Amino acid sequence: MKEKIRIASGQGFWGDLIDAPFNQVTKGDIDYLVMDYLAEVTMSILQKQKNKNPDLGYAKDIPELMKRILPIINAKNIKVITNGGGVNPVACAKAVMKVAKELDIKNLKIGVVIGDDIKEQIDELVKNGTPLKNMETDESISIVLDKILSANVYFGAFPIVEALQKGADIIITGRTTDTGLTLAPMIYEFGWKNTDYDLLSAGTVAGHILECGAQSSGGNFLGDWQSIPDMAEIGFPIAEAYPNGEVIITKHQNTGGKVSFETVAEQLLYEIGDPKSYITPDCVADFTTIKLDDLGNDRVKMYDVKGLPETEFYKVSCSYSDGYSAIASLTYSWPQALTKARVADEILRKRLANLLLQFDEIRTEFVGYNSTHGPLAKQINEDDINEIMLRVAVRSHDYKSVERFGKEIAPLILTGPPAVTGFAGGRPKPSEVVAYWPALINKKLVQPIVEIMEL
Amino acid sequence: MKIKLLDIAHGRSGDKGDAANVGVIAYDETGYSIIKKHLTVENVKKHFEGICLGKVERYELPNLRALNFLLHNTLGGGGTVSLKHDAQGKTLAAALLRMEIEVEEI
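Chain order of the listed sequences is A and B. Letter by letter, the first sequence follows residues 444 to 898 of the working numbering. Letter by letter, the second sequence follows residues 206 to 311 of the working numbering.
Since the hints were made in silico from the structure, they are not lab data. In this text the structure is predicted, and so the values were computed from the model without any measurement. Just to be clear, a hint being listed does not mean it is correct.
Partial pick of chain B residues on the chain A-facing surface, computed with a CB cut under 7 Å [what the hints assert, rightly or not]: (1) H215; (2) N226; (3) G228; (4) R263; (5) L266; (6) H277.
Just so you know, even glycine gets a beta-carbon here, dropped at the ideal spot from N, CA and C.
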């Protein structure tokens, strides 16, 4: 058994710093590179791409990235784990294999985890008495059945562990929990069992710290953010894991950013609910047991994590089409910038009402004044405001109403308050609203499948 | 005396469906005893009047000198449905730090 392993976060979401994974494999020693590409909205976008072309539906950044890092990870024996397979992990793996052949890489094994995509099975599940009730509203999924865009089960770490046991160098999955990507190599290397709940929870917490990339190493830090060194060259986090469940969060030397008690604590608090019950397919971690020691020099030790057995359910995330929206903005300058923006909004709303358009919601915000903190925004002296951006957004199930809204913005420039600019890029176009349907499904009803592709 | 929450704590916020999660972390144990006492469900709900339209849930993490709040019905329908400029509640931790607290302790 290895004495320790170093697991590096290479991506906090699809669209994160392109060079981050390259830096992780070149600027220091690591054993694993883990990359989270999937947000809820990503799955529906990928599903649309796959509908148009059956060879697509995965994060296209991955083959591009592999061109740069395959020779390096091959030479250094670094394994890569990513959920960027999206709704088509097999096509993603084939694209990576193609890159490997072009680079003349020998002896490459890619593990593919599938089985999470249950879109085609929903009708049957509902028929057989699994209503996939909405976790928030308790409604049966049958009310949106004809509008479903994607439906994926969140698998945990164990299918990835199986791929590692079968010798995979690169593992590409569909919907896998962000935390499972980091936990899996610990289970595999240290021989943890599926009943070692405290250890599984420790690895899960480490995964939570890594899953948003540099958000735990100085990015988006609300403490003394100006004290964070060299954010331009920010180092992404690394979990140095030990067999007893202790983990040191750190980053490569000679990179920017900072790993401290404060930067790690902020990430631990990110997007959690009840901290005693952080539920994953692998365990239920108790965040109130986590101990953190700031060791200095960008090293924070995490230990003593406790957890409970996993539940009998997987989470399912379904997306469905729920109407259209459009967003428009115009910028008004001093003097009376805020008043001008308010009057323009009144004129716009009056015109929309006169046209008898149908909207589920019209929302007006004044960027530069109250668009982030709403009623908490301090009253300001109008003379002190240099400019205000009027932002109006609409949502409707009637496509034509949203389309017409887009045609009512530019006219405000010549038919409304003065000193206005910022109308570039043409009329705002309606975009499809994709809504989410979170549900639970008994684990017995879904089977993860692990396939190995070899070169 | 009145103190600013900004001076004794930091935090991070994000989305969980139509609820926002707002985590607040005190810089030291004295700060934690202040936030634990003064950041009640009622005070936080009142602070976010007009923003949080549902109930507020509060959790304690003494190990991190932190509290976690779930603000329900806050994000205009959540992530992709919301028309809000800050549809994911990313700036709400900063909004909480605007709070001023009347303390005797310091």
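The hints, checked one at a time:
Proximity of H215 of chain B to chain A holds as hinted, the smallest CB-CB distance being about 4 Å (cut-off 7 Å). The beta carbon of N226 of chain B comes within 6 Å of a beta carbon in chain A, closer than 7 Å, and the hint placing it at the interface holds. Interface hint at G228 of chain B: satisfied, since its Cβ lies 3 Å from the closest Cβ of chain A, which is below the 7 Å cut-off. With a cut of 7 Å, the hint placing R263 of chain B at the interface with chain A is violated, because the nearest CB-to-CB distance is about 10 Å.
For the restraint placing L266 of chain B at the interface with chain A, the shortest Cβ-Cβ distance is roughly 5 Å, inside the 7 Å limit, so the hint holds. About 10 Å separates the beta-carbon of H277 of chain B from the nearest beta-carbon of chain A, more than 7 Å, and the hint is not met.
Comparing the model with each earlier hint shows violations of hints 4, 6; every other hint is respected.
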